[in-house]
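S.K.: Residue strings, one per chain:
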Amino acid sequence: MKKGTMDNKTRYLHKMAAHCETGSVTGLLNHAGMNITEPMVFGISSGIFFAYLQSSKLPFPMFVTRNMPGSIRKKTAKRLGVVYKKSKPRDPRKASESLDALLAQNIPVAVQVDMFEMDYIPPHMKAHFNGHFIIAVGKEKDSYTVSDCYFPTLAQLSQTSMERARFARGDMAPHGLQYYVKQAPQQVDLRTPIRKGIKEAARNMVKLPIPFLGVKGIRLFARKLMEWPKLVRDEEHLSHEVMMISAILEERGTGGAGFRFMYATFLQEAAKLLNDAGLADMSKQMMGIGDRWREISLHAARIGKKKDLGPDRLKELSAMIMARADEEEKFFNQLLKIVG
Amino acid sequence: MKEKDAYIDFDGHRVTMFVEKEDGSYGSMETGSYLASNYLDDFWQKMQHFHKNAYEQLISNKISPIAFYLIMKEMAPADAAVRVGISASAVKKHMQPKYFSRMTLSTAQRYADVFGIHLANLFQVMPEFSVQAPVKQKKSFNPFVVTIES
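Chains as they are written, first to last, in our numbering: chain A, 1 to 340; chain B, 341 to 490.
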C-alpha cells in the first residue's frame with residue numbers, strides 16, 4: 001500500500017493518485033471499507049477513451065484520453081452497487097452549509113471544482129478546468145482541509161476559493177456538485193463489472209460512428225495536427241501547443257501515456273481475478289502501446305523546445321499518432337473478442 | 341514503462357505514474373514530473389514571450405486589457421463569456437479598447453474574478469512577466485480597492 005497522510009477527524013487517508021476522479025472515488029470507496037484499486041475503478045468505469053475536440057469555447061484544439069468527468073462515479077454506482085448521496089445546492093451559501101454539516105459529522109465529501117481556484121497548486125498548473133475533483137475532509141474557521149490526488153499532502157483551501165471553485169461557470173460547470181458514499185458493499189464479485197467495463201470501453205474506442213471519438217478521433221488528431229501552423233499566432237505559440245501534447249498525455253492526471261499505463265495495470269489485475277491468459281497478454285500489449293504513446297510525448301516535447309516544427313517534423317509526429325490509431329484499433333477489436 | 345525509467349528526482353511537481361515493476365507486475369509510483377523538471381524554464385520563457393507581445397499591443401492601444409488577459413490565461417472569448425455571464429459578442433467587443441471603456445465596473449470585476457486578478461490590475465500591467473507578483477497587493481473590505489504593500 002502506498003504511504004499517505006491521515007486526516008485525524010474523518011480518518012480519511014490522503015494518497016496521491018494518477019487521476020483526480022478515479023483517485024477521489026477510490027479514496028472514498030477505500031474509506032467506506034471497500035478494497036479496490038484506482039486502476040480497477042478506472043477499468044470498471046470504462047475510463048479509457050480518446051476524443052479530439054475543437055470548439056469556439058476552446059482557445060486551441062485539444063484532445064482527451066478518458067471518458068466524461070462524472071462518469072466514474074456513475075459507473076461505479078451502477079456496476080459495483082455503490083450508493084452515493086449526491087447533491088447540487090443552487091446557492092453557494094447553502095452549498096457551504098451543506099458541506100460543513102457533513103464535515104461536522106466526519107464524513108469526507110467529494111466536490112467538483114474549477115482547478116484554477118485551488119490555492120495550493122503550482123503556478124504552471126493554474127488553468128480553468130471545471131472537471132476537477134477533490135475530497136473535503138475537514139474545516140477549521142474559514143479554511144477547508146482537502147485531499148487533492150495531485151498534491152502530495154492534505155492541503156488548505158479558503159472558503160472563498162472553495163465557493164468560487166464550486167460555482168465557476170463555463171463548460172462542465174460544477175453547479176455545486178458534492179457527493180459522498182452512503183453505502184458500499186464490502187465484498188463484490190468483480191468479474192461481471194470487469195467484463196462490462198472492458199466491453200463498453202472497447203466499443204467506445206472502435207464502434208462509435210462519430211469522427212472525432214475513439215480510434216477515429218486519434219486519426220482525426222493525426223490529420224489535424226498538420227493544420228496547426230495555420231491556427232497559431234507565431235512559432236512560439238505553435239511550440240507551446242505541440243508541447244501541450246506531452247503535458248496532456250503525461251502530466252494531466254493520466255498515470256502516463258494518456259491513461260494507457262493505468263489501463264494495462266487494470267487488465268493485469270483483471271487477468272488475475274478472471275484467471276484469463278488472454279487478458280494477461282492484452283495487458284502486456286497495452287503497456288507496449290503506452291510506451292509508444294510516451295515516445296510521442298517525448299518527441300513532441302523535444303521538437304517543441306527546439307522549435308523544430310517544420311512540415312517534415314509535424315508529418316513525423318502525425319505518422320506516429322496515426323500508427324497508434326492502427327495499433328489501438330487492432331487492440332480493442334481483439335479485446336472485444338476476448339470479453340465476448 | 342519500467343519503474344527505473346520513470347523515476348525523476350524533482351519535488352516541485354509530483355505525479356503518480358503506472359509502471360512495470362522489477363517482478364513484472366504493474367503498479368503505481370510517485371515521481372517528479374518529467375515535463376516540469378525538464379521544460380519548466382522553457383514554459384516560463386514562452387509565457388514571457390506571450391506577455392511581451394501582448395503587452396506591446398496593449399500599451400499601443402491595439403488591444404484592451406481583456407484581450408491581454410485572454411492571451412495570458414489561454415482562454416477563448418466564448419469560454420470567458422460563459423464564466424463572466426455575458427454574451428460572446430460582448431467579450432469580443434470588450435477586447436477592443438474603444439468598447440472596453442464602456443464596460444460597467446461590475447462587469448470588469450467579474451472579468452477580474454475569472455482571470456484571478458485584482459480589479460486594479462485590469463488598469464495597470466507590469467512590463468515584465470513575473471511568476472511571483474513583484475509588488476504585494478492585499479484585498480481590502482472595499483471590493484474595488486487593493487492596498488499595496490512595500
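None of these hints come from the bench; they were simulated from the model.
Check before you lean on any hint, since a few could be wrong.
[Said to hold, decoys possible] Some but not every residue of chain B turned toward chain A, in silico, with C-beta under 8 Å:
#1 V355
#2 K386
#3 E414
#4 D419
Ideal Cβ positions, reconstructed from N, Cα and C, are used throughout, including at glycine.
S.K.: For the hint on E414 (chain B), just tell me whether its beta-carbon gets within less than 8 Å of chain A.
M.R.: 5 Å, holds
S.K.: Minimum Cβ distance from V355 (chain B) to chain A below 8 Å?
M.R.: 6 Å, holds
S.K.: Are D419 (chain B) and chain A close enough, Cβ to Cβ, to be under 8 Å, as the hint says?
M.R.: 5 Å, holds
S.K.: Holds or violated: K386 (chain B) as interface residue toward chain A, Cβ cutoff 8 Å?
M.R.: 5 Å, holds
Checked against the numbered hints above, the structure violates none of them.
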